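Colleague: Sequence:
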Amino acid sequence: MLAFTLPDHGSEWPGMGDSWSEHPSWELVDAASEAAGRDVAALLHADGRVQLQAIENAHLATFVLSLVALDAAERLGLAPMAVCGYGLGEYTALVASGALDFDTAVRLVLERGRAARIERASALGATVAICGLADDDVEACCARAEGDAYVAGYDAPGRVIVSGSPEGVARTIEVARSLGATVDELADSGGFHTPALAGARDRLRKLLAEATFRDPDPVVVANVDARRHADPAEWPGLLSSQLCAPVRWRQSVERLFADGVRTFVEFGAGTTLGTATRTALPRRAVQTFSIASPLDLEVLVDRLIATPSMRRAEVRDHDQLAGRLVVSPAAGAFRPAAGLAHTAPSLAAVTTSGDVATVSPTRIDVGDLVGWVGDVEVRSAFAGTLGGLLVIPGERVMPSQPVAWLDAGVDA
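Numbering-wise (numbering that gives the first Met the number 0), the sequence shown opens with residue 0 and increments by one.
Bear in mind the hints are in silico, worked out from the structure with no lab data behind them. Computed from a predicted structure; not experimentally measured. Backbone N, C-alpha and C define an ideal beta-carbon position, used for all residues, glycine too. Heads up, a few of these hints could be off.
[Said to hold, decoys possible] Computed beta-carbon distance windows for the label pairs: (1) GLY36 with ALA142: 40 to 50 Å; (2) ALA232 with ARG176: 39 to 49 Å; (3) GLU145 with GLU73: 41 to 51 Å; (4) GLU21 with GLU173: 44 to 54 Å; (5) ARG106 with ALA337: 47 to 57 Å; (6) ALA186 with ALA329: 42 to 52 Å; (7) PHE101 with VAL49: 25 to 35 Å; (8) ASP102 with GLU73: 15 to 25 Å; (9) ASP102 with GLN50: 33 to 43 Å; (10) ALA53 with ALA332: 52 to 62 Å; (11) TRP12 with GLY393: 45 to 55 Å; (12) ALA337 with ALA53: 52 to 62 Å; (13) ASP46 with ALA337: 53 to 63 Å.
[To be verified] List of simulated lysine to any residue pairs, SDA-like, C-alpha gap at most 20 Å: (14) LYS205 with ASP102; (15) LYS205 with ARG116; (16) LYS205 with SER239; (17) LYS205 with GLU55; (18) LYS205 with CYS243; (19) LYS205 with LEU294.
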């Protein structure tokens, strides 16, 4: 099963949007510019380096780019069973789940960054990752520092993020090293996820109270407690709390793993979440992907279409990528529609020519029946030429698992 993960600010870099500028999903950038009252495209190109130094611009650029990549994935038929975002990424996750509308989220993201910048001016700090100690040992190190030092995130086993004043963090490092820890210095987080932003939380709380939240679908796992929250009335308080509370990332991905997720896909700039997720979960039990460009998305699709006989010939130009995945709406045994059974893989060898299977083209239109999962119909949300089924008849599949691939660029 798939889960989508969304990064925090700090993952942004100048020019991170360049590879997306000709993609159809770039239309979200124009929509964001209108909602924000500023040129978001300029933030995403290489000449936006100086503008990205303003924290509200970094917030907005990270948020929008993640949604561009998500939209591109949705156009290919990819659907997760859950979404989870780190810090700022939680706002992106709520938009992806339909719990928060796009324009409202843009305004909230800008205000979150603006409020934090005001607080940050009077509370310059430091941020480090303390590695090699248990969570409670790091908490004890912060307490022994007798200064402003707080746990800001539980990223992975043996990796805990600490933020605070330079003096408080320095004393925490000294205590942690005496216990055998190693320390990675990080860019200043601006006090996010610590009590240093209590004033910003007060300003943000009013806007959150005015926002309309809806039932999330798929489910969203919250930063504050690493639990699923289906009640939209809970989200204003959760978003307010996460500004000053540590991000429980390790606990969140452990929750998703326990629910059956084995593939985690990070959307936006950077690969930080993928690295933390692999570290947090059993080795070789999961696969992670980071989608920062259209070519990354192509790699993801090719990996999900894992049966060699169903692979496309290699595509060099991402503009040629016209694949669509039909995903299972439920859990159960898959049974293909009678007219499509011949395109399913089997345990026997399949004759191929190069990397492409010799299967007669079959046209699929929107709404056509592809098969059943148990008693639930699987119908295509897209039109195209059937490249083939991806599961063996009788194989048990899970919700959001791809069961068929369509080539939307070739007519039958």
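Colleague: That 52 to 62 Å hint for ALA337 and ALA53 (C-beta), does it hold up?
Modeller: holds (59 Å)
Colleague: Could you check the hint for me, namely that GLU21 and GLU173 are 44 to 54 Å apart, CB to CB?
Modeller: holds (51 Å)
Colleague: Lying within 45 to 55 Å: is that true of the beta-carbon distance TRP12 to GLY393?
Modeller: holds (47 Å)
Colleague: Would you mind confirming whether the straight-line C-alpha gap from LYS205 to LEU294 stays at or under 20 Å?
Modeller: violated (41 Å)
Colleague: With 52 to 62 Å as the target window, see if ALA53 and ALA332 comply at their CB atoms.
Modeller: Holds - the Cβ-Cβ distance for ALA53 and ALA332, about 53 Å, lies within 52 to 62 Å.
Colleague: Is the hinted pair LYS205 and GLU55 satisfied, with a Cα-Cα distance of at most 20 Å?
Modeller: Roughly 18 Å between the alpha carbons, so the hint for LYS205 and GLU55 holds.
Colleague: Just tell me: holds or violated, for the beta carbon distance of PHE101 and VAL49 against 25 to 35 Å?
Modeller: holds (26 Å)
Colleague: When you take the CB atoms of ALA186 and ALA329, is the distance between them in 42 to 52 Å?
Modeller: Cβ of ALA186 to Cβ of ALA329: about 44 Å, so the range 42 to 52 Å holds.
Colleague: Holds or violated: are the alpha carbons of LYS205 and ARG116 at most 20 Å from each other?
Modeller: holds (17 Å)
Colleague: For the pair ASP102 and GLN50, does the Cβ-Cβ distance stay inside 33 to 43 Å?
Modeller: violated (21 Å)
Colleague: Do the Cβ positions of GLY36 and ALA142 conform to the proposed distance bound of 40 to 50 Å?
Modeller: Roughly 44 Å apart at Cβ, these two residues keep to the hinted range, so it holds.
Colleague: Does 47 to 57 Å hold as the CB distance between ARG106 and ALA337, or does it fail?
Modeller: Once the Cβ atoms are compared, 51 Å apart, the range 47 to 57 Å for ALA337 and ARG106 holds.
The earlier numbered hints that this structure contradicts are 9, 19.
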